[in-house]
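Kindly produce the complete structure, drawing on both the sequences and the hints.
Those sequence lines, one after another, are chains A and B.
Going by this note's numbering, the first sequence opens with residue 1, and the numbers climb by one from there.
Going by this note's numbering, the second sequence opens with residue 1, and the numbers climb by one from there.
Rather than coming from a laboratory, the hints here were simulated on the basis of the structure.
Remember, it's a predicted structure, so these values are computed and weren't measured experimentally.
Do not take every clue at face value.
Said to hold, decoys possible - Once the Cα atoms are required to be at most 30 Å apart in a straight line, the calculated DSBU-like pairs of lysine-lysine come out as:
1. LYS601(B) with LYS198(A)
2. LYS101(B) with LYS210(B)
3. LYS137(B) with LYS184(B)
4. LYS601(B) with LYS176(A)
5. LYS580(B) with LYS524(B)
6. LYS524(B) with LYS481(B)
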Amino acid sequence: MTGDIQTSIARYAKRFQKPQPRARALSPHLQALEAESIHIMREVLAEFDRPVMLYSIGKDSAVMLHLALKAFYPSSLPFPLQHVDSTFKFTEMIEFRDALAEAFDLELRVEINEEGRAKGINPFDHGSQLHTQVMKTEALRNAMERHGYDAAFGGARRDEEKSRAKERVFSFRDAKQGWDPKNQRPELWRNYNTRITKGESIRVFPLSNWTELDIWQYIQEEDIPIVPLYFAKERPVVERDGQLIMVDDDRLPLQPGETPRQRMVRFRTLGCYPLTAGVESSAQSLDEIVLEMLTARTSERSGRLIDHDEAGSMEKKKREGYF
Amino acid sequence: MTHQERTSRAVDNTSAAGTRGVLRFLTCGSVDDGKSTLIGRLLYDSKLLFEDQVNTLERDSRKHGTTGEEIDFALLLDGLEAEREQGITIDVAYRFFSTSKRKFVVADTPGHEQYTRNMATGASTADVAVILVDARKGVLTQTLRHTYIARMMGIRHVVLAVNKMDLAGHSSGRFHEIIAAYLKVAEGLGFDSIIPIPMSARYGDNLTRKTDEMSWYTGPTLLEYLEELDVSSSVAAEPFRMPVQWVNRPDLNFRGYSGLIVSGTVQTGDEVVIAASGTVACVEQIVTADGYLDAAEAGQSVTLVLDRELDISRGDVLAASGDRPEVSDQFAAEVLWMSEDHLLPGRSYLLKIGTTTTPASVSALKHKVDINTFDKQPCTKLEVNEIGLCNIACARPVVFDPYHQIRDMGAFILIDRFTNQTVGAGMIRFGLRRASNIHRHAMDVDKATRARIKGQSPAILWFTGLSGAGKSTVANIVERKLTEAGLHTYSLDGDNVRHGLNRDLGFTDVDRVENIRRIGEVAKLFVDAGLIVTCSFISPFRSERQMVRELVDDEEFIEVFVDTPIEVCMERDPKGLYEKARAGEIKNFTGLDSPYEAPVKAELRVDTSELTAEEAADEVIEYLLAREHAK
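Here is the structure:
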């Protein structure tokens with residue numbers, strides 16, 4: 001699999017050296033979404049001093065990075081990628097990330113909450129809430145402060161979750177990186193208010209108006225490499241509370257009576273492996289994934305265990321600085 | 001059919017929905033007219049909800065719902081905790097769904113009056129407005145307000161959704177009564193179409209399906225109507241416009257201008273004009289990451305390479321040379337005010353239009369609109385949610401077209417300079433007087449050339465400080481020394497300005513602002529002539545000094561804060577002004593009964609109680625030498 005990742009990414013990088021016209025035009029819908037995202041990214045580059053792209057390795061990040069490569073072509077990516085590594089990501093994700101950074105000669109910055117790591121914070125003993133708070137939310141805040149970013153791209157979409165539906169494209173954060181949902185700046189036309197004072201920052205969501213289906217169709221049309229975990233394959237999993245958790249390494253404590261079994265699974269969303277449930281699937285191609293999507297009966301974030309902590313949980317996390 | 005064939009066919013079908021282009025609509029109306037319910041129901045009936053979403057919905061309905069045992073569809077949309085608790089929608093939510101025929105983006109906007117700004121936000125990108133009316137209550141103030149905003153924001157199609165028909169006995173008579181009342185006001189506004197539909201959002205009647213209860217209604221359901229509506233934009237037929245977002249310079253061999261084409265089309269070989277400067281050039285390449293294009297049109301993000309080297313930067317607009325946009329520093333615009341702090345004529349705001357941001361102020365407030373009657377009323381300020389026609393004066397010329405011709409070229413926001421909040425939304429009607437349609441002629445001799453033959457870099461030395469601080473004294477010595485060194489200078493101060501150029505101005509706040517504006521413009525001309533200009537004015541307000549600073553390039557404005565303690569100034573009192581002020585003979589005297597806002601980051605600070613005037617002047621000269629204004 002490792003070899004496959006590197007080959008496909010090398011081929012991908014080559015495409016940007018001498019771009020060829022598309023074989024068939026994008027649908028007007030995807031074309032409009034692409035143009036809008038590119039416009040947003042160029043606004044950020046032109047108006048901010050220290051922009052960064054928060055790169056999470058998943059499919060939305062893949063699309064966001066692809067759009068950025070297109071937006072600034074023939075210039076190379078004019079800002080760094082920031083990854084927040086909770087130390088519990090799928091192994092394959094890290095391989096993919098590193099291959100991509102190398103092929104495109106990207107400036108990749110990885111933030112790990114070393115204090116949390118030293119304390120051995122993990123989702124098994126401390127629960128998903130504390131783990132997310134320490135290893136993701138705090139780590140992200142640390143990265144923002146350490147590097148003094150004044151604008152950070154995130155791959156969130158409005159169709160993902162209720163509190164996301166009301167998020168601005170340019171979402172203001174105060175000096176404490178907090179989000180005040182009641183006091184958001186009105187956002188009209190494509191006329192984005194980018195003004196901030198020292199210490200404040202803006203989170204920018206160029207994929208705001210994309211749906212999950214748009215993302216998949218775009219990945220297909222543009223032939224964007226994604227982490228192979230999105231495709232169905234026999235993988236060792238255990239079943240917990242009806243969720244299929246992949247045994248990605250030996251840190252997953254098995255409960256009495258649990259034995260990992262090989263099952264055909266894939267992931268609709270990628271995060272920390274103990275917190276990201278797989279779905280049984282036979283979809284091994286993008287076509288099949290899209291078809292599966294169309295008949296899917298559960299929404300994407302249901303595989304995200306952290307959203308179920310309590311009602312309104314996403315909004316709470318966001319106020320505290322989570323993406 | 002094989003599995004593979006079935007898969008590709010299904011995928012093709014979903015792509016087909018995308019070929020139609022997306023329809024963006026917003027729902028609006030008064031509180032409790034059922035907006036959120038309508039969208040929730042649309043999603044539910046189009047089978048677009050996932051199982052876990054339905055489960056959450058059922059659980060939430062029992063917890064927060066207002067519909068007893070039944071599903072409360074509104075809960076699907078009211079995303080933020082606060083509004084769920086209050087049972088109202090306080091912010092715009094964007095929802096996405098598609099049918100086999102089309103993709104939709106819905107903006108669900110608030111009904112409460114205090115959230116009108118959010119409705120305008122939703123309307124700014126919408127093609128259609130679905131305006132809800134409660135069949136029992138009929139047309140309300142808020143219905144008309146939203147209709148007016150929809151029209152002002154350039155929406156061409158309205159659906160009058162007469163909702164809760166089940167509570168009005170499904171009465172055809174009641175339906176037609178409401179239509180008549182609505183049309184009486186809305187008909188004159190000039191929409192392309194107004195389609196009334198009777199419905200019960202809660203039960204889905206005439207939303208996605210027809211029902212027996214309203215068999216008297218023969219028109220389309222809401223979904224049918226939205227699927228079929230043609231909103232193909234005419235913006236591609238307008239003249240070419242592309243605001244430059246960013247100059248793309250990967251290396252010395254490539255220089256491209258990146259932007260989103262907001263109207264018209266462009267082909268390689270086309271002659272374009274850089275609107276503000278009047279320079280023309282031809283398009284050599286249209287560059288994208290999908291290869292070179294021969295042509296591109298409105299809605300595409302591209303990078304244009306021109307056939308000659310020009311000084312183009314962010315904020316410039318590339319436009320069809322045969323059909324140019326207007327260039328003016330003054331225009332008339334409709335402004336929707338969105339802040340609790342009132343809009344006051346004369347106050348300085350930041351205006352962002354396209355890729356340009358410039359200081360601007362309202363020079364005249366012509367009238368505001370009474371949204372109940374659409375009548376014009378005289379006014380002296382705009383309060384939150386009020387709409388007024390304003391004359392706007394910008395610190396520098398901006399490039400625009402009327403809003404109703406090209407939305408993106410005529411839309412602007414106003415930003416508070418201190419809180420950075422977006423406080424107003426504006427739509428340009430037309431340019432005002434002198435500057436409009438006068439296209440600058442690009443001159444062969446420019447600022448750099450003029451400065452070069454003088455062997456200096458031009459600058460404004462802006463001396464600010466209290467009366468008696470020693471501004472003119474220091475400036476005088478600085479000018480003498482520069483001249484002795486063979487440099488070319490000029491001095492502006494109260495004496496040579498107040499008696500001529502500004503003799504029509506008094507000392508009211510408005511006149512003081514105009515005084516500094518003119519001085520700034522004159523200083524700018526001297527800078528353009530290649531001179532080092534000293535300006536000595538109390539100029540007590542940061543915003544005015546900022547206004548002048550923004551007239552010239554970054555390096556060219558040097559603020560010298562003559563920071564002499566007021567006790568020293570009062571003791572000196574060279575013109576006897578402090579004495580008069582203390583005796584009450586002069587009002588609004590800076591430092592006594594009128595504030596002096598000290599510079600936060602002046603380039604230079606000199607204290608003439610510690611330094612002699614000569615020493616202070618030397619510090620200024622040092623600064624100039626260090627930055628090679630003088631060599």
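Hint check:
For the proposed pair LYS601(B) and LYS198(A), the alpha carbon gap of about 14 Å is at most 30 Å, so the pair holds. With a C-alpha separation of about 19 Å, the suggested pairing of LYS101(B) with LYS210(B) holds against the 30 Å cut-off. At roughly 17 Å between alpha-carbon atoms, LYS137(B) and LYS184(B) fall within 30 Å of each other, so this suggested pair holds. Taking the CA atoms of LYS601(B) and LYS176(A), the gap is about 25 Å. The hint holds against a cut of 30 Å.
For the given pair, LYS580(B) sits about 35 Å from LYS524(B) by alpha-carbon distance, which is inconsistent with the 30 Å threshold. Between LYS524(B) and LYS481(B), the direct Cα distance comes to roughly 22 Å. Compliance with the 30 Å bound is thereby established for this hinted pair.
Hint 5 alone, counting from the list given before, is not met by this structure.
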